[in-house]
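Participant: Chain by chain, the residues run as shown.
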Amino acid sequence: MLVGRDITFRVGSKELISDISASFTPGGLHLIVGPNGAGKSTLVKVLARLLRPQSGTVEYEAVDVARAGEAELAKRRAVLSQAIEIAFPLTVREVVMMGRYPHFSGRPGPTDEQIVDEVMRHFDVTEFKDRYYQSLSGGERQRVNFARVLAQLWDHTTESCRYLFLDEPLTFLDIRHQIDFMKRIRNFTRDAEVVTVGVVHDLNLAARFADQILMLDGGRIVANGPPAEVLTTERIRQVFGVEPTMVQTQDSGLHLIFN
Amino acid sequence: MTTQHGRRQLLLIALVAVTLLVLLASIRYGAIDFSITEITHAIASLFPGQPEPTLDQRIFLELRFPRAILCLLVGASLGVGGTLMQALFRNPIVEPGLVGTSSGAAFGSALFFVLGGVFHIGASLWSLPIAACAGGVISTYLVFLLARSREDGRASIVMLLLTGLAVNALFMSGIGFLSYIARDPQARSITFWSLGTLSGASWKSVEIVALSTVLGSIVAIRYAKQLNALMIGEEEATYLGVNVNRLKWIILSVNVVIVAVATAFTGVISFVGLVVPHILRMLGGADNRFLIVGSALTGATLLTLADLIARLSVRPAELPIGIVTSAVGVPVFIFLLRRRQYVF
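Chains as they are written, first to last, in the numbering used here: chain F, 1 to 259; chain X, 1 to 344.
Next comes chain F alone, as it looks inside the complex:
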């Protein structure tokens, strides 16, 4: 269970997010939506403890994370970000192995090697495990990064809850990859009982995959709940300034068309 209480984060005198309180349950996919500058990315970074809020607390399993050590935290918290550039020749397997860094000191153990092989199979990147990361396409790179991030959270042995954050990982990906990634994320979240909180731009992706949607505007929560409750015509018009038409489709549920 992840709980944020009265979180306010500001840069200088400007409040990027104000008085945010929300809780996120294991096994549920929580997606944050909102217009540009709403504070989505800031909120995810605060919840992942990259940024420290000026007031309010973030609690993992009812324990304030403010004092958790960086190395200890990395064993149960992972973040999938936007496209990552690497200026040095690293092989795909080396990049995926980085996900195991928090779990070993010195050289990787047999468990680490085994987990890396498993996640690489899981994301179909085994075939290019010895290729350099730079030589891959955008979609392939993001698959590698996803494998790395999951390698970090793969262990079932740890008793404590695991936390996965998505900081706009779908940017720069084509529609096929976007859907493919959302499916994998949803499945992993359910199967591994992970707390997943992420930012996506596409409201239709959010509507289709989220268990809960948290809508932000101007750094404040506008709505928080299941997609059908949050994504109403009236609210989308107010927050995004566009006029949506709601369509209920057979297989993927709610669908939005913008005029």
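Everything labelled a hint here was simulated from the structure, so no lab data went into it.
From the three backbone atoms N, C-alpha and C, an ideal C-beta is built for every residue, glycine too.
Hints are supplied without guarantee of correctness; some may be wrong.
Cut-off 25 Å, straight-line C-alpha distance, at most; resulting in silico cross-link-like pairs (DMTMM-like, lysine to aspartate or glutamate) [as the list claims (entries may be wrong)]:
(1) F/Lys75 x X/Glu318
(2) F/Lys14 x X/Glu235
(3) F/Lys129 x X/Glu52
Counterexamples of contact, computed for chain F against chain X with all Cβ distances above 10 Å [stated by the list, open to error]:
(4) Ala74
(5) Lys75
(6) Glu85
(7) Glu94
(8) Glu118
(9) Thr126
(10) Phe128
(11) Asp191
(12) Thr245
Position chain X against the provided structure of chain F, taking the given hints into account.
Facilitator: Positioned in the frame of chain F, the structure of chain X alone reads:
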């Protein structure tokens, strides 16, 4: 991984062998050549019960041998320094000479000689390396302070290189001024500081440089895994459990100390730190655990080769070693700059 790991171990073993071979050549050839028998006799004379060393043997023991060892150590320092800087800035075209560390250290050392002459400060064993470190810290800090962008506080590589250029020029002209007013013969030799030479080597300098090189490398290897994580970005490294600010401070300090101490005894030797990690990455990839050990060995080998060229090309005189390293390093630097795949 296993194949790559094995390949890297083989490479490192090969590098050790090459280093030893080059060391042997370095102690054999020079203004006068020593045969293997002479070398063994000279070394044997150090042990009790052996005949007193002859003049030739003393030349070997007090000049040639410490010089060869100092050369290995300085090369190793510069190689490791280059690897650390490149890992820290996530960019393959930075090196200690380019961000002001070397020229600042040389300035600190020159200032120490001049002030020592004026104020009659007793030159203890440690005061020269401390002065060099102070100079290196000040110049490196100055470069980073001036290169930082006002918006996000980060230093872009273009700004870093340009600022480094300016600060280097400033400290080199400072050295020029000091050489001009100096009475101390070593401070008076501007070529010593600006082009580098190993001709002043002694066992004392070997001891000090050995200490900083070995300790610095051990610390660096301990942080190699964290430096690897830094390759995918500062935020990503934080998510992988790395305290990035702490890592930066430690690595920068290690780098300044090993480079400054080496510079205190040899003057500015550029481009070794640039070329060495690059060669290694082509041979064995970018894993810093491999790079740090490998760049110590490769740096030692390359600088020893450069020193051999410096000594043999115009013998019995010798060239400043910096001329040799720049002649090789500058083309490589320009080649790297022009390659498109490195984003600035």
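Participant: Since F/Glu85 was said not to touch the interface, does its Cβ keep a gap of more than 10 Å from each Cβ of chain X?
Facilitator: Its Cβ does come within 10 Å of chain X, the nearest being 7 Å, so this is violated.
Participant: Does the no-contact call for F/Asp191 survive, Cβ to all of chain X over 10 Å?
Facilitator: holds (22 Å)
Participant: Does the no-contact call for F/Glu118 survive, Cβ to all of chain X over 10 Å?
Facilitator: holds (14 Å)
Participant: Mind verifying the non-interface call on F/Thr245? Its CB should be farther than 10 Å from each CB in chain X.
Facilitator: holds (38 Å)
Participant: Holds or violated: F/Lys14 and X/Glu235, Cα atoms, limit 25 Å.
Facilitator: holds (22 Å)
Participant: Minimum C-beta separation from F/Glu94 to chain X exceeding 10 Å: can you confirm that?
Facilitator: The claim is violated: F/Glu94 sits with its nearest Cβ about 7 Å from chain X, within 10 Å.
Participant: Test the statement that F/Thr126 is away from the interface with chain X: the closest C-beta pair must be farther apart than 10 Å.
Facilitator: holds (13 Å)
Participant: Measuring Cβ to Cβ, find out whether F/Lys75 lies farther than 10 Å from everything in chain X.
Facilitator: Per Cβ check, F/Lys75 is inside 10 Å of chain X; nearest 7 Å; violated.
Participant: Could you grab the alpha-carbon distance between F/Lys75 and X/Glu318 and see if it respects the 25 Å cut-off?
Facilitator: Roughly 57 Å between the alpha carbons, so the hint for F/Lys75 and X/Glu318 is violated.
Participant: Are the Cα positions of F/Lys129 and X/Glu52 separated by 25 Å at most?
Facilitator: Roughly 62 Å between the alpha carbons, so the hint for F/Lys129 and X/Glu52 is violated.
Participant: Taking 10 Å as the cut and beta carbons as the points, is F/Phe128 off the interface with chain X?
Facilitator: holds (14 Å)
Participant: Once the closest CB in chain X is found, is it more than 10 Å from F/Ala74?
Facilitator: It is violated; F/Ala74 is separated from chain X by about 3 Å at its closest Cβ, not greater than 10 Å.
Hint violations for this structure: numbers 1, 3, 4, 5, 6 and 7, all remaining hints satisfied.
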